[in-house]
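Chemist: Chain A is already provided as a structure; the job is to place chain B on it using the hints.
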Amino acid sequence: NAGVTQTPKFQVLKTGQSMTLQCAQDMNHEYMSWYRQDPGMGLRLIHYSVGAGITDQGEVPNGYNVSRSTTEDFPLRLLSAAPSQTSVYFCASSSSTGNTEAFFGQGTRLTVV
Amino acid sequence: AQKVTQAQTEISVVEKEDVTLDCVYETRDTTYYLFWYKQPPSGELVFLIRRNSFDEQNEISGRYSWNFQKSTSSFNFTITASQVVDSAVYFCALSEPFSGSARQLTFGSGTQLTVLP
Numbered sequence: 001n002a003g004v005t006q007t008p009k010f011q012v013l014k015t016g017q018s019m020t021l022q023c024a025q026d027m028n029h030e031y032m033s034w035y036r037q038d039p040g041m042g043l044r045l046i047h048y049s050v051g052a053g054i055t056d057q058g059e060v061p062n063g064y065n066v067s068r069s070t071t072e073d074f075p076l077r078l079l080s081a082a083p084s085q086t087s088v089y090f091c092a093s094s095s096s097t098g099n100t101e102a103f104f105g106q107g108t109r110l111t112v113v
Numbered sequence: 001a002q003k004v005t006q007a008q009t010e011i012s013v014v015e016k017e018d019v020t021l022d023c024v025y026e027t028r029d030t031t032y033y034l035f036w037y038k039q040p041p042s043g044e045l046v047f048l049i050r051r052n053s054f055d056e057q058n059e060i061s062g063r064y065s066w067n068f069q070k071s072t073s074s075f076n077f078t079i080t081a082s083q084v085v086d087s088a089v090y091f092c093a094l095s096e097p098f099s100g101s102a103r104q105l106t107f108g109s110g111t112q113l114t115v116l117p
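Chains as they are written, first to last, in this note's numbering: chain A, 1 to 113; chain B, 1 to 117.
Since the hints were derived computationally from the structure, they do not count as laboratory data. On a predicted model such as this, the values are computed, not experimentally measured, just so you know. In this text, a Cβ means the ideal position worked out from N, Cα and C, and glycines have one as well. Honestly, I wouldn't trust all of these hints.
Stated by the list, open to error - Here are some chain B residues the structure puts well away from chain A; computed CB gaps all over 12 Å: (1) 13; (2) 80; (3) 109.
As the list claims (entries may be wrong) - Pulled a few chain B residues facing chain A out of the computed Cβ check, cut under 8 Å: (4) 45; (5) 47; (6) 91; (7) 103; (8) 104; (9) 105; (10) 107.
Looking at chain B on its own, in the form it has when it is part of the complex:
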């Protein structure tokens, strides 16, 4: 069975600090996809990134960066120079086997990030 663990339930930082959100996953499959979604206070789910299991290159998008390490089954998310608008719940998710499509996702329990001014 697949499992995603986000051990950090809540994190609070002061604006401009860097923060890393941890994600550890379990799967028996060799082909899979990992996702990060953001859920702001308004409640919608915003897609951030999708990464397949064969691509271990780190990715950077503006202040966001992702570190995928297959050896430790981790897909961590770092926000550099955090801003108040980054305050949200962040979810890590794992796709069903052999599909990059997100028809069946296993979600972690989420990390509530609060950025204080």
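Bound-form chain A, shown alone:
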């Protein structure tokens, strides 16, 4: 199984540019989430989804948009990149049955210059 796949692995953006981080999972999980990891701060939840067509904000949603049109995919959009969005981004998925952990993608290292 591929699990959770994130693309790209690395990206450099200029301030003001937009881009989409892709996330796909093949485990038929209902729940998907996006986190950002910054030095000394652990991982913080950006947005999450409990199923296709349903999304909600996490702790740090500003500057990011998400949508969930299929169970498999949960893209994260940066509308106008800022240096403060330089971070490592992780996508995660988990089952709704409750007795599992979150499965994480390999991460996307984003630098905004």
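Modeler: Relative to chain A, chain B alone:
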């Protein structure tokens, strides 16, 4: 609001020493789940354990053991006879209320463990 505190930012030990990583959490909920994840230098997040708030039994898995104490809101992680391959950042995390699923996790800031040969 939920909060997870990992007060130890960095720990360095010599191979074969035992080491304990501390995790203290705050939540108003009576039902919750706690997790530990390992992040090796390669950057991926590796699941280690999940524990629900009703199960205070300690758990042992090989060289790893976990001590959950609800009375002190702590979920500490001990590595016995540490090895160089244990060098990583370790994260403790708390789930949203009433869900064992990890759709919303509150992470601690992590502890960087370095095991020296």
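Chemist: Now look at each hint and say whether the structure bears it out.
Modeler: Structure-based check of each hint:
1. Residue-level check passed: residue 13 of chain B sits 21 Å from the nearest beta carbon of chain A, beyond 12 Å.
2. Distance check for residue 80 of chain B against chain A: the nearest CB is about 23 Å away, which clears 12 Å, and the non-interface claim stands.
3. The beta carbon of residue 109 of chain B is not kept farther than 12 Å from every beta carbon of chain A, the shortest such distance being approximately 5 Å.
4. Evaluation of the residue 45 of chain B hint against chain A yields a held restraint, the C-beta minimum of about 4 Å falling below 8 Å.
5. At about 4 Å, the closest approach between the beta carbon of residue 47 of chain B and any beta carbon in chain A falls short of 8 Å, and the interface hint on this residue holds.
6. The interface hint given for residue 91 of chain B is met, as the beta carbon of that residue sits about 6 Å from the closest beta carbon of chain A, less than 8 Å.
7. Against a cut-off of 8 Å between C-beta atoms, the interface hint on residue 103 of chain B holds, since the closest Cβ of chain A lies about 4 Å away.
8. Of the supplied interface hints, the one on residue 104 of chain B holds, with its beta-carbon coming within about 6 Å of a beta-carbon of chain A, less than 8 Å.
9. Interface restraint check for residue 105 of chain B: the shortest CB-CB distance to chain A comes to about 6 Å, inside 8 Å, so the restraint holds.
10. The interface hint given for residue 107 of chain B holds, since its Cβ lies 4 Å from the closest Cβ of chain A, which is under the 8 Å cut-off.
When each numbered hint is compared with the structure, a violation occurs for hint 3 only.
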